[in-house]
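As given, the protein sequences belong to chains C and B, one line each in that order.
Going by this note's numbering, the first sequence opens with residue 661, and the numbers climb by one from there.
Going by this note's numbering, the second sequence opens with residue 2, and the numbers climb by one from there.
Note that these hints are calculated values from the structure, not bench results.
Hints may be right or wrong, so weigh each one.
Stated by the list, open to error - Here are the simulated DMTMM-like cross-link-like pairs (lysine to aspartate or glutamate), alpha carbons at most 20 Å apart as the crow flies:
#1 LYS1213(C) <-> ASP1480(C)
#2 LYS98(B) <-> ASP1479(C)
#3 LYS1213(C) <-> GLU807(C)
#4 LYS205(B) <-> GLU1401(C)
#5 LYS90(B) <-> ASP1480(C)
#6 LYS771(C) <-> GLU87(B)
#7 LYS90(B) <-> ASP1479(C)
#8 LYS997(C) <-> ASP861(C)
#9 LYS98(B) <-> GLU816(C)
#10 LYS200(B) <-> GLU816(C)
#11 LYS130(B) <-> ASP1480(C)
#12 LYS200(B) <-> GLU1481(C)
#13 LYS90(B) <-> GLU1481(C)
#14 LYS1213(C) <-> GLU1192(C)
#15 LYS130(B) <-> GLU1401(C)
#16 LYS90(B) <-> GLU926(C)
#17 LYS90(B) <-> ASP133(B)
#18 LYS98(B) <-> ASP1480(C)
#19 LYS200(B) <-> GLU775(C)
#20 LYS90(B) <-> ASP861(C)
#21 LYS1389(C) <-> GLU1401(C)
#22 LYS90(B) <-> GLU775(C)
#23 LYS130(B) <-> GLU1481(C)
Every value quoted in this text rests on a predicted model; they were computed, and no experiment measured them.
Residues per chain are reported as follows:
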Amino acid sequence: MASLGAFILVLTFVAAAYAAGASVAGARRRNNRLIESGIGAFYLVAALLAVASGIIIYAFVAGDFSIKYVQRYSDSVQPLFYKITSYWGGLDGSVMFWVFLLSVFGSVAVKVNRERHRELIPYVVAVTAVVEMFFLFLMIVHNNPFETYLTESPTEGRGLNPLLQNFYMAIHPPTMYLGFVGLTIPFAFGMAALITGHLDDSWLRAVRRWTMFSWFFLSFGLTLGMIWAYEELGWGGFWGWDPVENAGLLPWFTATAFLHSVMVQERRGMLRVWNVSLVILTFLLTIFGTFMTRSGIVQSVHAFGEDPELARMFLTFMAGITLFSFGWVIYRLPMLKARNELESWASREGAFLANNWALLFGAFFVLFATMYPTITEAISGERLSVGPSFFNKWMTPVGLILLFLTGVGPLLAWRKSSLPNLAQQFLWPAVSALVVGGVVVALGVRVWSSGICFALCGFVFGTISQEYIRGANVRRATSGADLLTAMVGLVGRNKRRYGGYIVHVGIVLMFLGFAGEGFSRDEQLLVRPGQEATVGDYTLRMDALRVTEDNQKQMITAHITVKDADGQEIGKMYPAKWYFARHEEEPTTEVAIRRSFAEDLYIVMPAFEVKEQSASIEVHINPLINWIWLGFAVLALGTAIALLPESAFTFAMAKLPAEAATAAFLLFTLLGVPAVVAAQHMETPMTGGVVVRSPAEKSATDKLACWCGGCSKLQVGSCSCGHCAIVRKEVTTMLASGKSEDQVLQHYVAQNGGMHVLTEPPTMTFRLSYLVPYGMGMAGLLVAGFVAVRWSRRSDAAEASAARNSAPSEDATLATRLDDELRDLD
Amino acid sequence: MSSATSTDASLRPWQFFLLAGMLCATAVVIVATGQSPASIVILSITVVTASFVALAAYRSLAPLVLPESLLLLPSLFGGRTRAGLEREKTLVLRTIKELEFDFAMGKVSRSDYDLLGGRLRARAIGLIKQIDAGAGYRGVIENELAARTAGMASTAEHTPRTTDDDVATIDDGAHGLSPAITACASCGVSNEPDARFCKNCGTKLAA
């Protein structure tokens, strides 16, 4: 089986090489037979990889432990579901999965666009096949998933990392890869357009859906990652600015920028160079993300020493792509000139330009900060890290700017917004922002970032509602339907725009969730059975600490009863630690979460003493966090609407009588009356719990980054791994013995031989490097300004050429036909 | 598409390969008795996928060896099929509608509306022409091109950059930006050249 798999990989490489060669040769010699054959070989790659995937999954399910990859990532007692998902559990398999998905996507894209973009297809095939070849090459010479043990093969596997044995983690990589891989298709089309010189907007039309689709999966993957981190890692948060998370976020930023700037090109014929560059950049970032997370370069530049070959191959490939693609951009620059000019900053183009600047700044900032340890190590030999607080400090304003632009963009007209126009459009959103801001201040919210965020959410929501209501009114005037039905019709008629607005609503809800983080609180308790402790509005009573076992793991579970402010019991929660067989050194933290739309009660148990029946538990109260997941659901709905094929909606609309939407809405409201929660009995409290952490301890532990290797540099104060529990105890003892915070930090720097254990670099020189993001942001602003000025200058010349170019009046009969068709369209 | 390679009622390639794949899968199920059901299911799925390998291999070799008559090779390089043109036309028409809507919502200024609308209409009409001309539109375009390059030396720099197949590019270049505009006698609002009634006040316009 294994040798068959390895043979198939070689065969696939040959097929991909043939596909690339035949299509380029066919395109250059205008030989249709060659091109068709190349496309056939392209499909062959997908088919072969499907068989190879089948073989490896079979090996997992049948437990063929002679294959190294299978032995390393599964064992016989693993549930079937995780056996199958082990396929992408490690590097070798995930590379194969990557190419498999790419080949399937590529085949579908080629099949769908074969007729419409015939001139582009050979090069799309060639570019995609070359990318596939790289990963196939990687697998064949370096990371062959079918590699077997040469001598005696083990009879039992090591098992998948317990942290990955979680439903979200099982489906998180495929969604992430779908996003990553999907972004290769726009790149292939962009390159094909550059190579053939067919640089009109038709290639954009071919890739728009693909980009949206991939963007959706990227968002989905990121959200799943957040849910996983929240539920499985147990440090109370959802986003730790971990390099792996950042790797997914980088292309998300550029893809979002592309989705917006593409509209500028469609409508106004501007930003052509920029759009092509964004597509290339996005693709490079997906490759870089794969590289970064897989080569271990972020953990240390010395990872090069561990796997120099992989790093070298990736770097060569990326350098090759960069040279090749930007070389073509430069070669085609004369053909990429803008057709129009920026007339005013108060226009939608201007807003999109600002939005692109903010998104790109976000991307480069995250890139810089993620690579910071590597950069400092390369420059000074001293490895420094930046903690989540650094990211948050910087990304909060960027996020707020983006949120603000989300509200501004739709209100501005293309080309130029006049002053009365602006006043009319901004009135209601501004009022809504002020009202929300006022309420927030009146309620006594003192976290500035969250307060502004709430106000901006109000602003964006005002904008979107206004768009819907005004649009529906215009439509009502023509169709005579009632307001809600008109709204549905509105969405149907311009799915991209109104679907996009729904996506914006989703983003607003997510931002509500992010803003809620400003009010989160956490406490650490040491409790024994019968003891009670109060955190926020909740009173927790420890009931017991139990040890149980199943055939995969040993489970230590704390049984905790939760009561609300009135002392009424509202539920039982069971935080636990699981020790998987063969992975005893890395127990998983099983979090207990009590969810509600207002806040989550989140309990973890980092440490325990079975003999004394005591448990040290961490209680987090996370306000508004569920709005993030809800926001994602809304975002998914919006994307689905935007992606829906034209015909589907037309069909639905044709069958829809007037007033139907209102009737349906009323029905839903009647059905959706929330259920009443039943009250529960009371119990008498016994003794008080013990809160163990003082502000000084909190401050010191927050300045240390976990160095256990598995927790991606979380603050020791909030990390839930066993190692950090020990460090926290040590810190408590040291502070109690009269040491200052600095002494404590110095102790750990000396003990670990480097400043990488600190969340923020201690010396001034290193703080100077913090200026780099400022520099990048300013440079970006300058470039944007320069572009704008150049556009404006071109104004006169363009006008003149437009005048020269204006064609004689349209053919009258054709114009009549056009009018008729336009009328029929609605 | 290999399904299109044979037109009669006989077995098509994909049907043949899929059938063969399923037969092999059945054989595998019989041979592999004693394994767990999950492994057998996955094994048979893998065998069926192998039939796609055969199909794709056929698909890539057939264009090289089969005689022209058996192959339904797509029309000349760069020729867009009717469906593609229709789809593009619908897209342009929708964009026009969207623009009209924006204008009605008071977001687009009048001059902008005229300019963009004029360009889109020109594009839509070009597409209608192409669809009417059917497969022979190539000739139409070439004639028009010849007429233009001969007639207007000044537009030479705006003639298509790639003279070969890209119809859309030719279209863009030839129709240029804004068609001439007629002003309404009673309210002064400028209308499209083909307008018969003023879009603002509804007065009949002079032809």
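Quick rundown of the hints versus the structure:
Restraint check: the Cα-Cα separation between LYS1213(C) and ASP1480(C) comes to about 71 Å, which exceeds 20 Å; the hinted pair is violated. Pair hint LYS98(B) plus ASP1479(C) holds up; C-alpha atoms about 11 Å apart against a cutoff of 20 Å. The suggested pairing of LYS1213(C) with GLU807(C) is violated, with an alpha-carbon distance near 29 Å, which exceeds 20 Å. A C-alpha spacing of about 85 Å is found between LYS205(B) and GLU1401(C), which places the hinted pair above 20 Å, so the restraint is violated.
Between the alpha carbons of LYS90(B) and ASP1480(C) the distance comes to roughly 14 Å, so the proposed pair stays at or under 20 Å and holds. The straight-line distance between the Cα atoms of LYS771(C) and GLU87(B) is roughly 18 Å, inside the 20 Å bound, and the hint therefore holds. Taking the CA atoms of LYS90(B) and ASP1479(C), the gap is about 13 Å. The hint holds against a cut of 20 Å. A distance of roughly 13 Å separates the Cα atoms of LYS997(C) and ASP861(C); the hinted pair therefore holds under the 20 Å criterion.
Between the alpha carbons of LYS98(B) and GLU816(C) the distance comes to roughly 65 Å, so the proposed pair goes past 20 Å and is violated. About 79 Å separates the Cα atoms of LYS200(B) and GLU816(C), which puts this hinted pair outside 20 Å; it is violated. For the hint pairing LYS130(B) with ASP1480(C), the CA-to-CA distance comes to about 15 Å; that is within 20 Å, so the pair holds. Pair hint LYS200(B) plus GLU1481(C) holds up; C-alpha atoms about 18 Å apart against a cutoff of 20 Å.
At most 20 Å may separate the alpha-carbon atoms for a hinted pair to count; LYS90(B) and GLU1481(C) meet this at roughly 10 Å. A C-alpha spacing of about 30 Å is found between LYS1213(C) and GLU1192(C), which places the hinted pair above 20 Å, so the restraint is violated. Distance check on the hinted pair: LYS130(B) and GLU1401(C) sit about 79 Å apart at the alpha-carbon level, beyond 20 Å; violated. Distance hint between LYS90(B) and GLU926(C) is fulfilled; the C-alpha atoms sit about 15 Å from each other, no more than 20 Å.
About 12 Å separates the Cα atoms of LYS90(B) and ASP133(B), which keeps this hinted pair within 20 Å; it holds. Between the alpha carbons of LYS98(B) and ASP1480(C) the distance comes to roughly 12 Å, so the proposed pair stays at or under 20 Å and holds. For the hint linking LYS200(B) to GLU775(C), the alpha-carbon distance of about 38 Å lies beyond 20 Å, and the restraint is violated. Straight-line distance between C-alpha atoms of LYS90(B) and ASP861(C) comes to about 14 Å, which keeps the hinted pair within the 20 Å bound.
Under the criterion of a C-alpha separation no larger than 20 Å, the hint pairing LYS1389(C) with GLU1401(C) is consistent with the structure, at around 14 Å. Proximity of LYS90(B) to GLU775(C) is assessed by CA-CA distance (about 15 Å); at most 20 Å being required, the pair is judged to hold. Between the alpha carbons of LYS130(B) and GLU1481(C) the distance comes to roughly 14 Å, so the proposed pair stays at or under 20 Å and holds.
Comparing the model with each earlier hint shows violations of hints 1, 3, 4, 9, 10, 14, 15 and 19; every other hint is respected.
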